[in-house]
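Number of protein chains: 2
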Amino acid sequence: MSFGQTFKALSDPVRREILTLLKQGKLSAGEIGSHFDMTGATISYHLSILKKADLVYESKYKNYVYYELNTSVVEELMVWLSDLKGGTQE
Amino acid sequence: MSFGQTFKALSDPVRREILTLLKQGKLSAGEIGSHFDMTGATISYHLSILKKADLVYESKYKNYVYYELNTSVVEELMVWLSDLKGGTQE
DNA sequence: TTGGTATTTAGAAATATTTCTAAATAGATA
DNA sequence: TATCTATTTAGAAATATTTCTAAATACCAA
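Sequence lines, in order, name chains A and B. Residues are numbered in this note's numbering as their position in the first sequence, beginning at 1, plus a constant of 38. Residues are numbered in this note's numbering as their position in the second sequence, beginning at 1, plus a constant of 38.
Hints are computed from structural coordinates only; laboratory data are not their basis. Where a beta carbon is used, it is the ideal one built from N, C-alpha and C, also for glycine. Some clues are possibly wrong.
Just some of the chain B residues that point at chain A, by a computed CB distance under 7 Å [stated by the list, open to error]:
| # | residue |
| --- | --- |
| 1 | Gly42 |
| 2 | Phe45 |
| 3 | Lys46 |
| 4 | Leu48 |
| 5 | Ser49 |
| 6 | Pro51 |
| 7 | Val52 |
| 8 | Leu57 |
| 9 | Ser110 |
| 10 | Val112 |
| 11 | Lys123 |
Using the sequences plus the hints, can you model the full thing?
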């Protein structure tokens with residue numbers, strides 16, 4: 039994981055919306071795609087960016103690929119931001 | 039402020055290092071530039087991105103332009119990330 | 001005013017990103 | 001096996017980003 043990669047992943051509105059959808063729980067690539075007016079190939083591209091940034095992980099069942107939020111990386115970002123702000127609890 | 043703009047600003051390593059330098063306090067554009075092996079024009083470009091993202095604000099004194107961290111936007115990002123993770127205090 | 005220092009703007013080149021269409025792969029079922 | 005559905009990969013086009021050099025602007029000081 040690199041902060042650059044993670045922040046870049048979060049800079050795109052489609053990817054932020056995918057992550058918001060995944061707050062609800064695991065979804066397949068197709069279910070995610072149905073929320074957007076884009077081709078499956080484009081959604082697959084965005085999912086690959088989120089995966090490389092470790093913001094999601096994937097699991098396979100039958101011929102579906104499911105994606106799920108990885109909250110631990112979100113926490114690492116919060117720590118970095120908190121440190122930037124100047125101290126953990128102020 | 040838009041989250042997209044702010045996350046994009048944070049995705050670049052030079053800009054993250056500038057913000058880290060500014061944890062110490064206010065610095066002029068030239069002082070910031072002296073920490074990098076880049077032209078002043080390039081530093082000015084990065085500062086403009088940080089300014090548009092509201093991550094820094096600037097003040098002028100004599101013929102210097104000083105930059106300072108704006109922590110309130112950092113807090114807004116933390117709130118967004120915290121919500122993504124699912125709840126404020128868990 | 002003239003010249004000096006600090007910073008930004010303009011324009012160009014190299015590279016990266018986002019999207020599409022078309023083709024490829026993976027796995028399920030008839 | 002043959003075929004269908006779900007998803008990813010490849011390649012291309014449009015756009016955005018990052019950096020530079022050169023020029024412009026801003027402000028101070030002699």
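Consistency of the hints with the structure:
1. Gly42: 6 Å, holds
2. Phe45: Phe45 (chain B) check passes; min Cβ-Cβ to chain A is 4 Å, inside 7 Å.
3. Lys46: 4 Å, holds
4. Leu48: 4 Å, holds
5. Ser49: 4 Å, holds
6. Pro51: Where the cut-off is 7 Å and the nearest Cβ of chain A is about 6 Å from Pro51 (chain B), the hint holds.
7. Val52: 10 Å, violated
8. Leu57: Hint on Leu57 (chain B): holds, closest Cβ of chain A at ~6 Å, below 7 Å.
9. Ser110: Violated: closest Cβ of chain A sits about 9 Å from Ser110 (chain B), beyond 7 Å.
10. Val112: 5 Å, holds
11. Lys123: 5 Å, holds
In the structure shown, a violation is registered for the earlier hints numbered 7, 9, in ascending order.
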